[in-house]
Each structure stands twice: as C-alpha cells, then as structure tokens.
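Residue numbers (this note's numbering), protein chains in the order written: chain A, 1 to 562; chain B, 1001 to 1342; chain C, 2001 to 2354.
Read the hints as simulated data drawn from the structure, not as lab findings.
Just to be clear, a hint being listed does not mean it is correct.
As the list claims (entries may be wrong) - Distance windows between CB atoms, simulated:
#1 363(A) x 1242(B): 31 to 39 Å
#2 2343(C) x 194(A): 30 to 38 Å
#3 311(A) x 1142(B): 29 to 37 Å
#4 2161(C) x 198(A): 28 to 36 Å
To be verified - PhoX-like mimics (lysine-lysine), calculated; alpha carbons at most 25 Å apart, straight line:
#5 72(A) x 1341(B)
#6 1266(B) x 1023(B)
#7 2015(C) x 276(A)
Just so it is clear, CB atoms sit at the ideal spot from N, CA and C, and this is done for glycine as well.
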Amino acid sequence: MAIRLGAGDDKTVTRRILFYLIPLAFLATGFYYPLFTVIRTGLVAGGRFTLSPLRTVLTDPYYLHLITFTLKQALFSTGLSLALGLPGAYVLSRYEFPGRRVIRSLTAVPFVLPAVTVGLGFILFFGNNGVLNRLLTALLHLPAPPLRLLYSLTGIVLAHAFYNAPIVMRVVGAAWEGIDPAFGEAAAALGAGKTRRAVGITLPLIAPAILSSAALVFVFTFLSFPIVLMLGGARYATIEVGIYTLVRTLLDFRLGAALIIVETAISLGFSYLYLKAEGLFAVRVQGERRRPREPLLSRRGWLKKGTIALYGLALGILFLGPIGAIIVDSFRGGTGFTLAHYRSLVSLGYNPFLGTSPLHTILTSLKIAWISTALAVPLGLFVTSIAVRRSVPARRVVETILMAPLAVSSVAVGFAILRGFSHPPFNLIGTVLAIAVAHAILIYPLAARVLRPVVEGIDPELLEAARSLGAGKLRTLLEVELPLIARGLLTAVVFSFALSMGEMSATIILMRPGTATIPVAVYSLLSARQFGPASAMATVLIGVTALAFLAFERLGEELKGV
Amino acid sequence: MKLGSFVLLLLGILALVATGWGKETLVVYTYDSFVSWGPAAQIEKEFEAKYDCDLQFVAGGGAKAMLSRLLSEREDGGTPADLFMGELNDVPRIVDYNLFLPVSQRGIPNLAVIPAEFSSITSTGLVPYEYGYITLTYDAKALPQADLPRDLPSLIDPKYKGKLICEDPRTSSTGFSFLLWTIAKFGEDGYLEFWRKLDPTILTVTSGWSEAWTLLTHGEAPLMVSYSTDTAYAAMYEDEIRYIAYAPGGEGFRTVYGIGIVKGTKHPALAREFIDLLLSKGIQELLPKTEIMFPINPDAPLPDAFKEHAIVPEKAMSLPLSLVGEKAEGWLSDWARVMTKR
Amino acid sequence: MKELSVHDLQKSFGKVRALTGVSFELRAGELLTLLGPSGCGKTTCLRLIAGFDRPDAGDIRIDGKSILPLPPERRRVGFVFQNYALLPHMSVAKNIAYGIRFRPGIDTRARVNELLSLIHLEGLADRRPNELSGGERQRVALARALAPSPQLLLLDEPLSALDAKLREELRGELRRIQRELSIPTVYVTHDQEEALAISDRIGVMHSGGIDQIGEPREVYTHPKTLFSAEFIGRSNRLSGRISSVTAEQIEVEVGEERLRAITGRTRLSPGMRVVLVIREEELRFTHSRSNSVRGRIEDSEYHGETTTVLVSTPLGPVRVRVAGNASTTSIGKQVEVYFPPERLLVFPAEPAPG
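Sequences and hints are given; from them, build the entire structure.
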C-alpha cells in the first residue's frame, strides 16, 4: 500500500499481489498486449520468426532517410528548446519581477495544447500572410512578405521549441533554484571567480537537469507527428509519417510494425537516458538554503538590460504571438469585433461536422479528462512507488519498461488500442472509456514524472514514525503519505487533466461521431470552413488550461505552508 | 475494472434500446462528409418513414478507413454493414475483395437513370450515385485570372514558386486524385519527372483537404488542389466569391462515388430499396446542395448557382479502376520517395 | 514488559555487514545505551527492534515471545528519531494524539494534555512543528512516542541535533521522565559523556557487534577491549612488550622504560606485544620510585574546569589532565609524570585469537 515505505513488512501476500496486479493488469491489457501484437506483426510471418521487414526498414534508403531526418529535426528542436529555455530557467530562478509566478505557471500551458491549435496559431502569426509578416511588410514598406518560416524544417523546429522550451525552463529552473548558495560561497571564499563558479559549481549541479530535460525533449520531438505535418508538410516525412502511411494507406502492417519497432527502440533508448539523468538529479543532495532572488531590473548595465529585453521579445513573439493570434481571430467577425463564434459554441444545436452539439463536445472532453485523470494519477503513483524503491533489481530497466508509453508514439498507442479493443470482449472502440483508457496510458508516465520528486521528498522516517505509533499501512498512506504529497498530487491531477483535454492524435483514431473532443472539434470546424468557431473553441481550450494552472499555482502557494 | 464492466453493461443496454428491438436495421458504412455535409439526415428520415425500419449511418474517417474496418470485421466472422459507400479511387481494390451482391434493374429500377458513361461500373456490384472533378482553386484577390497557369505543365514556371498547396495522396483522397490526374496526363513514365519539377511550386503538402483549405483562405498561397464545385459552393453559401475553381487546360480528374450491397446482408431487399431511393430524383436533387457534387441522375434539377458556377472540365481525365487498384501502392511509394525532402 | 531480549541479531545491507551478531537483555525500567561511533550498527539494531527492517538472522523477544512476525504498528514500541520525524502537516496536539486516536478507552484530549504537561509545553498544542524550536520539537517527539504507553522506548540519537547546553538540559529531563514512567528504554548515541550520564547500563558497539555491556562506571574504569578503552574517555596509548608476569602485576617495556601494571588479565605472557592505555586524568605530576618518567611541558589547553598538558617523555608525547587552576603548566617546565599501576590498562596488541 505504501508509496514510499517498503521495508519491514508483514508479508500480507494477497494485499501485496493486489497492489501490483491491478495496475499491471491494466497496463498489460491497455498497453503491453496491444504493443506486443504490433511487435509480433513485425517479427513473425507465417508462424515463423523473420527479420526481413526490419532489414528492409534498416537498409532501404527511403526508410533510412526517414530515420535520419527524424533524428535530425529532433536534434535541432532539442537545441533550440535548450537555447530558448535555459536563459528562461536562469531568469525565472534567479530574479524577482512582477508576474514571475504567473509566467512560471503559464509555462505549463504550451505543452498541453493540441497540435491543431498550435498549428492554427502558427499559421495565423508566422505564416506567409501571418500577423508578423504583414506587420513587417507594412512597417518596412516591403513588396513581399520578408519571412518564410513555415512549411520547412524551420517551421517544425520553431513549433517544437514552442512546445518544449517551457519544459526546459521548468525542469532546469527547479534544479537551479534548489542549489544551496553555500556551494558557490565556498568556492568564492576559495578564490573562484564568477566564471569558474559557473563552470565548476553551478553547471555540474544543474547538468543532470539539463541532460534529463534534453533527453525528454528529444523523445517528445522524435515522436512528434501532427505538428510536423501541419507546419512542415508531408514532404518533411518523419518515421511517424512513414508509419502512418504504411499502416493507414499502404496497409503494409508488417513494414509498419517494423518501423514502429525501430522507432520505439530508439526512443526507449533515449527514455532510459532520460530516466537515468533524472535519477542523478534526484539523488543530488540539495541544500536547505535558497538563494534569494534579485530584482530583475535594478542596477544593471545597458548591455544586460538590452539582452534581457531582446530575450523577452523573442519569447513574447514565439509564445504570445500564435496564442494571441488565435484569441484575436476568435473575436473577429466579418465587420469587426463579435461574440458570435462563442455563442455558437454554447449552443445545444446539433452540428453535423461534430456529430453532436458544440457544448456536448466540451462536456465529452471534460468527461474523458476526468476518467483518464482518475486512471492516470494512481497509475503514475504506482509506477513512482516502484521507481523510488531501491530494492527493485535493475530498477532503471524496470522503470523504463513501466514508463514505456512515454517512448511509444501516440499514433502507435492509438493503433495498438484500436487493434486490442475492437473485438469482443473489449469492444470499446468509439466509447468514451476507450478514449479515456488511451489517454490514461499516454498520460500516466508524465503524471509519474510530476510525482516522482515529491514522493522522493518524503522522509521515510515520517512513515516509520507513524508505523511505530500503531498506524497500519493503510492509515499511514491516508494520513501521512497522501497529505505529504498533496501538492504534487494536485499538480499531477491538473497536468493530467490538461493533457487529456489537449490530446488529439490517439483520440482521432479511436473516436466515433458523438465522442468528439475539443481538439477534434477544432479540427472538424476547420474542415467545415468554420474558422471563427474553430478559433473560439481553441481559445476556450487555452483559457481553461491556463486558468487551471494559474488556479493551481495559487492553491499551491497556500498549501506550501502546510 | 468495475467501472469498465459497468460501462460495458450500460453500453449494451443502450445499444439494445437504440436498435429499436424488433425493427429491421439497415447499417450503411459511409464516409464522414456524407454524414456531416451530406444528405444523410434527410435520407434517414425519409427512408425510415417509408419502410418502418431503423437506418444507421456509420462513419469514421474516409472510405478507406471504413473499408479496412469492414474487411477486418469480415475476417473476424461478420460485419454489421449492409451497405458500403465511398469514393471509388479511394478504394480502388474494392472489387478484388468480392464484397458485393450483384445488382440489376429488376431489384433497383432506378439503375436505369445512370448515364451510359457510368453504367459499366454497376457490373462490379457498385452503383455510382454522384461524381465530381478535382481541379485547381485560386484566390481571386491574390492571383489575377490573367496570371493563372494555363495548364498543369505551366505550374512549373518559377513565377509560381511556393504558390500551390497540395494534399498528400497517401492520406487525402483529393491528393490521390491529383496524383492520378498527373499519371493520366504524363503517363506512368512521366509523372514523377513532373512532380520533381513541380516541387518548388508547392508551398506545402498537407495531410488533408481541410488543412489545405485553411492555408488557402488564410492567404498562405493563392492556389490549391480542390474541387471544381468550389465556386458553386461559395455562390450558394458565402457572402463573396473569392476562391474560384478552374480547370487548367480544360482538364479535371473525375471522381465517382459508388454504393454496394455487402454480401451476407440479412436485408437485401431493404438494401436495394435504399439504393433505389438514393438514385431517386428527390434525393439526387439534394446532392449538389449538400455534397456539392454532381448527381448521377440527369433528371435531378441543379440549383442555379451550380448551373452557373460548377465546372465540368472539357477533358475529364480518369484511369481504369482496375489499373489504379493494381498500381496504387507502387505509385504512392514512388511519389513519397521523390517528394520527401532530403 | 519485564524483559526484552535480543539474540544474535545479524543484518547486512548488500555487501555491508551492519550487525554481526548482537545479543543483549533489557530489564524492566532499565535504560540501556548503545554507544559507538557512526557506522557501528547501533541505529540498525534499534530499527530492527522497532520493526522497520527485518534481521537476516537472530531473534527479538519480549517476555520470551518473539516479536519478529509483528509489523511495526503492532510492536507497541515508542521510537524517537534523530530528526524527530514530526508530521509536518499536523499540529503538536495532533502529532501527540496520532498513536492513540483510534485506541478504544483512551480520552485522547486528556492524554495529550497530560503529556504536554509532562514535557512542559502546555501552551503549544496548536503549533505546527515548523513553528517550534529544536528543543521543543525534541520534547514533542518524545511525548508522541510515549502517548500510546509503549512497552518499550527506543531513542535514536535524540539529542544530537541540539546545541551543547540544551543537550545537557534535555538529557536530564529525558532521564527524569524515563524514571518517572519506569519505561524500559534503549538509547542510541555516539556521545560517551551522554551515555555515561544517562544510562543504567551501556553497551559499547563496534563494527556491528557489542564489545562490552556494563554499568557506566564499570565500562569506564574496566573496559574489556582496547576499543572500549579508547572510545570512552580521553586516553593515552603506549605500545610495549611484556617483560614479566607475576600473580599481582605485570611489567611492560616501553622503549627504554619499564612500567608496572596491576591487572587481572590472565592471558598475558612475557614477550607479548601489548598496548597500554591510561586516561589523561589518571596521570599525575608526582615523583615516584617507579612508574614515573621525566618530561617537558610542550603545550597546554585550558578548558576551564581542567587543563590538558602535553608532555614530551621518553615514551613519546603524553597528555595529562589536571584541575583547571593548576599552576604547574608553564611551557618548557621539566616535570615528572606518574603512571598509577592500578590505572594502567593492558591489552594485547593484536586481537587475541578466539
């Protein structure tokens, strides 16, 4: 039962078995078995083991190109995310300025936005005819739009930075904040100058965080699918596009499965690296003392002020541009400002393009989000409880396997579930439950990621104290462990909820008319040439997510004193 | 998994209620847009009233997705589908699967209305009920009519660099029709060369028609591969006619939509009645207004806007379905190899 | 409880053998201290008794009945942690009440108040742990452990996080409460002074085993092992060789000098290499016919009550502790250092076989 404590147990075998069995059974039916069937498709032909599809994928220049291009774009995307995220991590952790907390909580928003929303925002803002180009054309009196950012590798990398630079900011920022200033002070007392302190003290202390966020970003961008298609186009084919084509169009399941195997192997490798780096990060001894934040804009030279302003401008353009463009678009009618698009959203009327009413779509999204959160957070907690246990043999490998959905693309998970749940007794395709299960599978590793440092932060002595006072495991769990990780649990719940609200890749594979979610509705409305309502729907999603994170941040601050 | 079993039970009950108990149920596998844009709701009302049965349209994705669903259900011991409908080039190998019952005028009197140029299709068990043309559509505000590329080869002109939006033939039926058009025009030996030269002209290859239309209407590029009825749509439903369809060099690629009765159906008579109704003047008349397609029945009156603006290309290109079925995979793979950015 | 008996406890963590076979008995009302340097296994021993870890071998019995099958919550053992482990999300009162809240027949509120007055913190019931001082936290931790009236109290370095003055004050308090309640207690510390002051008996631990158990005075004056002798008290250590053994005394050659020692040890024989240990305060600046050497004062450390004088002698440097106001400590002075034979402890240089 216990999350953190594993020792000195009376061996209540049945309870222990239940503790492991229920979540593992869920993962087995919802993920491992379907994935296994996919892998078997790639490796077994006519009842016999074969490597020929794998060999084809690994020797054919076309597929090799897909693999190298995927790696290349992931590498560039990771680079840009780090370049944009690291200064942000520095500023957020070291300086105090008005709105710092709001900004920090809003950094969670981009990650959970569906690709269709971000794609729309990018087209509206960065497009050849986008806000930025029109602005520059008007300001500089140019004959043609000066920037050609989208429909190229640049567009893909830019969108990936939009998604992932905030992750770098959060992960590295947290590590940076946690550094005990005593280390730097000790070094300074020993005569180390600023540069030497940065390179010799700070860098090694935040290096695991940088490494872990880089590996995470790499995995995410490696598996990225819809945003690559929207902002790069089908000519920029990644492995995901290859898989999609093989399985959906060419119906060559064996080659598709082989490509899935290759893709999963690569991303699993990077996930392993990520978990390893995160492990390093977690065992790092953090000091008690926090360095006080300096005011951002006092007593700084013009050069520094200029640099900060320039960086702020770059971030503003990248993040506020696309989101702002969507919001403005949602209020714009034929003749100017209008609320008509929003009115159409709350209507109960049947919209044939959604297969239901817009309001029902929003309710479906909320329903799916609740169910998947209710599944994903306990699963995440379960995985975390195993991951933090030092007694588990080959812990890192076990953890990589338990976190595997992180390394399997959402398209592949969608397919796997489609195949696994489309026959009796699990004929669930198209139901809210099937979509929620898929979401839960995709989300729980991220929930575990949120929970892990919190669980690791529990002092095991507190649990032992409770036990020696006569509290059983259940009471210890309910009265000590859960209250201690309440903040982390709340973060995990908000995060999971938002991720489910924004998930689209797997949803679109599994949905049927009537189970459309908000992102699917945005897409469907775009298809129906209803751009205004599409923007309004996207704005609702952005608003709900941002509010959730902001509200949580406030609540979280209050809970901190607990 | 208590929740799971509960939901399962609930779904089971719902399904029972929904099927209306003893009533005969006719299940039609169709494509999304037939339900969302198309006349599905109206047909359902009319048909259920007339035959006192339950008509269910099932759509999830395009014809291709529904076919693969049907095939896998058939493999697993039976499909609930009584009828299947979709764009034929989208499912070129459909004939090979031997899926459909034969049709004849005896069961479906309205087969008689099908013009001669389409009537040969019925021998496969598929009944054509509407058709259209893939052409180009341009943004009249961004590209004056005089500057339009005269024909497909002139698209290669450097002055059109980055001005065309295409759909991915692997994921979009519009895109696939355009690919077939280039094969029909330049031949199996020449189409790849054309695409190679076309590459600079293409702004981007989108995964579907909707994405391409989004880009066109947001001013990202002035030309896209679309339907010859786009102008008619704008004339019927929009305030201004800004996005105009035209047939470059008088050409367009013909797409035909067909419906077939799935072998093993328990309601063959009802299924024939459905097809007969679909071909009837009353329903055919709805197709231009809802599907924005040409009705197969020449007697069905066209709306004025359609008469005025829907383009029938002088040279309607097409490829034999059997050839498409045989070669499609190779063409798509070759296209992907040529077009994928290095 | 009448008796806790720990029998041959063994425990390894991976390749590290934390306990190599520890046995002892604890009698009713007794306070037994496990004293030893960090890493000697004393905390491990305590955790095994509490049930937080399971031993690899051995047994723990209370009144003859093994408690090994019981989970921690059913052992009725009070545990005070080095860092107190107060539940941060609960008030002082709730922390103290934690162990009795669901016990039938206990008036929780009254019991909490009773304990608060026992630890003299009546006014702090509603405070959160982070609003308390170190000493207050320590008391609350003790009160919490005592609240369910455990049959046994385990204290793991309970005072080590406090400053010296408070430590002394609280250890008196602890002892008072322990005596008042007459609760059998195992106390773990690395601080010999604390151990000597507070214990009924002390068990000296060393690399996973107990070297010696005895009353504080006995352990101090008659250490059974070289380790005990050196770990407890401040001592001088000299190496030498036995030149003769008689029934009453032995004579040891240290360098050029000979020292007599009165010892009951029987396993010593002439020619054996030995280590002589003598406490700093047992050395005296007096002349004697034997057992004294001449030396020169090199340095001195003034402690207030005492002064430690560093003397260079032919036996090597020797530290002598004298009363604080002694005027005989000026540097450079020639002195004679006397080694009282009855205070000289003799141990074999190599661990005796067996």
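Hints and how they fare:
1. For residue 363(A) and residue 1242(B), the hinted distance range of 31 to 39 Å is satisfied, since their beta carbons lie about 36 Å from each other.
2. Checked against the hint of 30 to 38 Å, the C-beta distance between residue 2343(C) and residue 194(A) comes to roughly 59 Å, which is inconsistent with it.
3. Remark: the range hint 29 to 37 Å for residue 311(A) to residue 1142(B) is upheld by a beta-carbon distance near 36 Å.
4. Roughly 34 Å separates the CB atoms of residue 2161(C) and residue 198(A), a value that falls within the hinted 28 to 36 Å.
5. Of the supplied pair hints, the one linking residue 72(A) and residue 1341(B) holds, its CA atoms being roughly 12 Å apart against a limit of 25 Å.
6. Between residue 1266(B) and residue 1023(B) the alpha-carbon distance is near 13 Å, which keeps this suggested pair within the 25 Å criterion.
7. Distance check on the hinted pair: residue 2015(C) and residue 276(A) sit about 24 Å apart at the alpha-carbon level, within 25 Å; holds.
Going down the numbered hints, you'll see the structure goes against just number 2.
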